[in-house]
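Protein chains: 2
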Amino acid sequence: MNAICKLFQIQYPIIQAGMIWNSGWRLASAASNAGCLGLLGAGSMYPEVLRENIQKCKSATDKPFGVNIPLIYPDIDKLIQIIIEEEVKIVFTSAGNPATWTQPLKKHGITVVHVISNLKFAQKAQDSGVDAIVGEGFEAGGHNGREETTTMCLIPLLKSKITIPIIAAGGIASGAAMLAAMNLGAEGVQIGSRFVASIESSAHKNFKQAVINAKDGDTQLSLKKLQPVRLLKNKFFLDVKAAEDRCASEDELKQLLGRARAKHGMFEGDLEEGELEIGQVAASIIEIQSVQEIVTEIITEYNTLVKSGFDTY
Amino acid sequence: MNAICKLFQIQYPIIQAGMIWNSGWRLASAASNAGCLGLLGAGSMYPEVLRENIQKCKSATDKPFGVNIPLIYPDIDKLIQIIIEEEVKIVFTSAGNPATWTQPLKKHGITVVHVISNLKFAQKAQDSGVDAIVGEGFEAGGHNGREETTTMCLIPLLKSKITIPIIAAGGIASGAAMLAAMNLGAEGVQIGSRFVASIESSAHKNFKQAVINAKDGDTQLSLKKLQPVRLLKNKFFLDVKAAEDRCASEDELKQLLGRARAKHGMFEGDLEEGELEIGQVAASIIEIQSVQEIVTEIITEYNTLVKSGFDTY
Numbered sequence: 001m002n003a004i005c006k007l008f009q010i011q012y013p014i015i016q017a018g019m020i021w022n023s024g025w026r027l028a029s030a031a032s033n034a035g036c037l038g039l040l041g042a043g044s045m046y047p048e049v050l051r052e053n054i055q056k057c058k059s060a061t062d063k064p065f066g067v068n069i070p071l072i073y074p075d076i077d078k079l080i081q082i083i084i085e086e087e088v089k090i091v092f093t094s095a096g097n098p099a100t101w102t103q104p105l106k107k108h109g110i111t112v113v114h115v116i117s118n119l120k121f122a123q124k125a126q127d128s129g130v131d132a133i134v135g136e137g138f139e140a141g142g143h144n145g146r147e148e149t150t151t152m153c154l155i156p157l158l159k160s161k162i163t164i165p166i167i168a169a170g171g172i173a174s175g176a177a178m179l180a181a182m183n184l185g186a187e188g189v190q191i192g193s194r195f196v197a198s199i200e201s202s203a204h205k206n207f208k209q210a211v212i213n214a215k216d217g218d219t220q221l222s223l224k225k226l227q228p229v230r231l232l233k234n235k236f237f238l239d240v241k242a243a244e245d246r247c248a249s250e251d252e253l254k255q256l257l258g259r260a261r262a263k264h265g266m267f268e269g270d271l272e273e274g275e276l277e278i279g280q281v282a283a284s285i286i287e288i289q290s291v292q293e294i295v296t297e298i299i300t301e302y303n304t305l306v307k308s309g310f311d312t313y
Numbered sequence: 001m002n003a004i005c006k007l008f009q010i011q012y013p014i015i016q017a018g019m020i021w022n023s024g025w026r027l028a029s030a031a032s033n034a035g036c037l038g039l040l041g042a043g044s045m046y047p048e049v050l051r052e053n054i055q056k057c058k059s060a061t062d063k064p065f066g067v068n069i070p071l072i073y074p075d076i077d078k079l080i081q082i083i084i085e086e087e088v089k090i091v092f093t094s095a096g097n098p099a100t101w102t103q104p105l106k107k108h109g110i111t112v113v114h115v116i117s118n119l120k121f122a123q124k125a126q127d128s129g130v131d132a133i134v135g136e137g138f139e140a141g142g143h144n145g146r147e148e149t150t151t152m153c154l155i156p157l158l159k160s161k162i163t164i165p166i167i168a169a170g171g172i173a174s175g176a177a178m179l180a181a182m183n184l185g186a187e188g189v190q191i192g193s194r195f196v197a198s199i200e201s202s203a204h205k206n207f208k209q210a211v212i213n214a215k216d217g218d219t220q221l222s223l224k225k226l227q228p229v230r231l232l233k234n235k236f237f238l239d240v241k242a243a244e245d246r247c248a249s250e251d252e253l254k255q256l257l258g259r260a261r262a263k264h265g266m267f268e269g270d271l272e273e274g275e276l277e278i279g280q281v282a283a284s285i286i287e288i289q290s291v292q293e294i295v296t297e298i299i300t301e302y303n304t305l306v307k308s309g310f311d312t313y
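Protein sequence lines, in the order shown, are assigned to chains A and B.
If you read the first sequence in the working numbering, its first letter stands for residue 1, the second for the next number, and so on.
If you read the second sequence in the working numbering, its first letter stands for residue 1, the second for the next number, and so on.
By construction, these hints were calculated from the structure, which means they are not laboratory data.
Small disclaimer: the values here were computed from a predicted structure and weren't measured.
The reader is advised that the hints may include incorrect statements.
Which copy is meant is left open, because identical chains are indistinguishable; a pair holds if it fits in one copy or across any two.
What the hints assert, rightly or not - Computed cross-link-like contacts, DSSO-like style, restricted to lysine-lysine with a CA-CA straight-line distance of at most 30 Å:
hint, residue 1, residue 2
1, 161, 107
2, 235, 307
3, 159, 263
4, 235, 63
5, 161, 235
My request is simple: use the sequences and hints to build the entire structure.
Quick look at the structure:
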């Protein structure tokens with residue numbers, strides 16, 4: 001049995017990424033019900049909002065689901081407390097040091113996975129005792145590594161040095177890309193952008209439409225002086241670019257970014273002034289579908305490719 | 001029979017990239033003798049040097065080989081004339097408009113392939129009548145596209161819109177990555193960095209050593225204000241970065257770049273002041289081997305993976 005299916009007790013080795021403003025209980029429960037691992041994106045939730053989402057997710061599915069927590073979250077103790085109280089069994093951590101929270105979570109019987117973008121952090125995560133890692137390539141949407149290593153380069157490198165299971169993320173929105181990631185050494189995939197463009201995602205309809213309209217070259221890694229983040233190119237992106245092109249300081253960029261731009265863009269649908277986080281693979285996403293349709297399409301394509309086989313030489 | 005093997009009459013669907021200062025007749029003939037398509041990198045050759053390399057390549061192999069020509073080459077008419085006179089059968093063009101030279105070359109019975117990094121240029125290349133395209137991802141070494149689309153995202157996008165065969169480039173140095181590229185929709189792969197670190201490459205030994213020493217994060221896309229190029233991080237790279245960080249003008253950057261830095265670095269072995277073009281995948285390249293060893297390793301790994309099969313779900 002596939003290591004990721006076994007670890008999470010799921011049917012398909014597919015994780016629905018826990019994305020801010022996109023991954024509420026509707027998306028997570030739909031993904032879990034479709035045989036994947038659904039994840040709530042706690043990064044955009046107040047602690048009590050997370051509790052409500054966990055409770056609603058439990059009501060909507062009897063399958064395993066989890067929570068993604070960015071470790072830079074200001075009130076992280078409160079989030080962790082709620083996760084323990086609500087008996088969530090799976091936590092994905094990102095954007096921080098896995099040494100701090102992995103063991104406290106594991107003491108409560110929680111399966112812990114950490115998201116990394118380079119080999120050094122992968123080794124730190126493995127040393128901290130996590131059960132698996134997500135290796136996230138440069139093409140992924142949202143916050144991203146400074147090394148800019150792509151999925152194609154990152155996964156084989158991780159595979160050559162890391163012994164725990166690897167979940168590939170970045171550029172995966174189809175069965176073909178899922179199989180490619182498995183060829184590279186991953187035992188599962190984390191899919192974000194394609195699920196943004198799902199009926200069940202909590203993204204604003206304007207944002208979903210912008211995702212399916214995106215062409216190649218329409219996203220770029222931005223705000224590298226702060227934290228690199230892959231954005232859809234809109235007015236806000238161009239304002240940042242203009243500021244960067246005149247060598248604006250970190251403080252100026254922080255002021256330009258301001259607060260709540262991600263909510264404003266992805267959740268409230270302001271396509272001009274909002275921060276629109278999405279992966280390069282948006283260029284291949286052409287319609288808004290139900291989670292069940294998306295998962296069926298991916299698995300069918302994957303199985304067809306596997307069964308068709310490949311020439312040897 | 002695989003479309004790329006058929007097109008070039010070769011045993012394996014592997015192209016050895018025609019790279020400036022690396023791909024002379026020794027490398028190209030070794031690659032062709034090992035069952036791949038060897039390419040001479042004409043971009044760093046004076047016309048008469050190209051003629052000499054073609055003639056030596058013919059003496060060293062009776063297998064098909066080709067020439068890569070950057071279409072921005074100043075004396076391009078002279079290069080093309082030599083290619084026709086020497087009856088070279090295969091030409092890869094890059095860095096320019098395929099509409100100009102594709103038909104003139106094809107009138108001489110030459111098979112023409114064009115290198116692109118986005119869908120728009122792929123469509124232009126197809127419209128110009130090329131026989132295949134190379135889709136080159138962001139992770140590739142040397143000059144690179146402005147869209148920064150990775151191999152994982154580029155190849156499926158091309159596959160969905162382009163009808164001629166696609167050769168994937170960028171991030172491929174192993175049988176696993178070759179299989180991944182085929183699953184994404186490519187019918188062949190172009191491999192550069194791994195062949196830089198071959199005994200037969202004309203790269204300086206210092207540069208070959210630097211390639212096998214490289215870790216993840218040791219390359220970065222640089223000089224985006226001029227022509228984006230992926231470089232190994234050395235003193236020259238850091239000088240460029242410092243200039244870019246203080247918003248140096250294009251003219252200042254051109255002056256800093258100067259002339260012959262690529263030769264100085266890759267061919268003459270100046271690891272401090274030279275321009276060292278290499279792909280991200282260098283982080284996974286750990287030894288200098290003969291071309292035959294490299295090809296055998298890649299094909300063995302590829303065949304083993306294909307034969308082992310993958311689970312269906």
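Taking the hints in turn, this is what the structure says about them:
1. 161 - 107: within (27 Å within a copy, 51 Å between copies)
2. 235 - 307: neither (45 Å within a copy, 50 Å between copies)
3. 159 - 263: Classified as neither: same-chain Cα gap 36 Å, cross-chain 35 Å, threshold 30 Å.
4. 235 - 63: For residue 235 and residue 63, the Cα distance exceeds 30 Å both inside one copy (41 Å) and across copies (54 Å).
5. 161 - 235: between (42 Å within a copy, 29 Å between copies)
The earlier numbered hints that this structure contradicts are 2, 3, 4.
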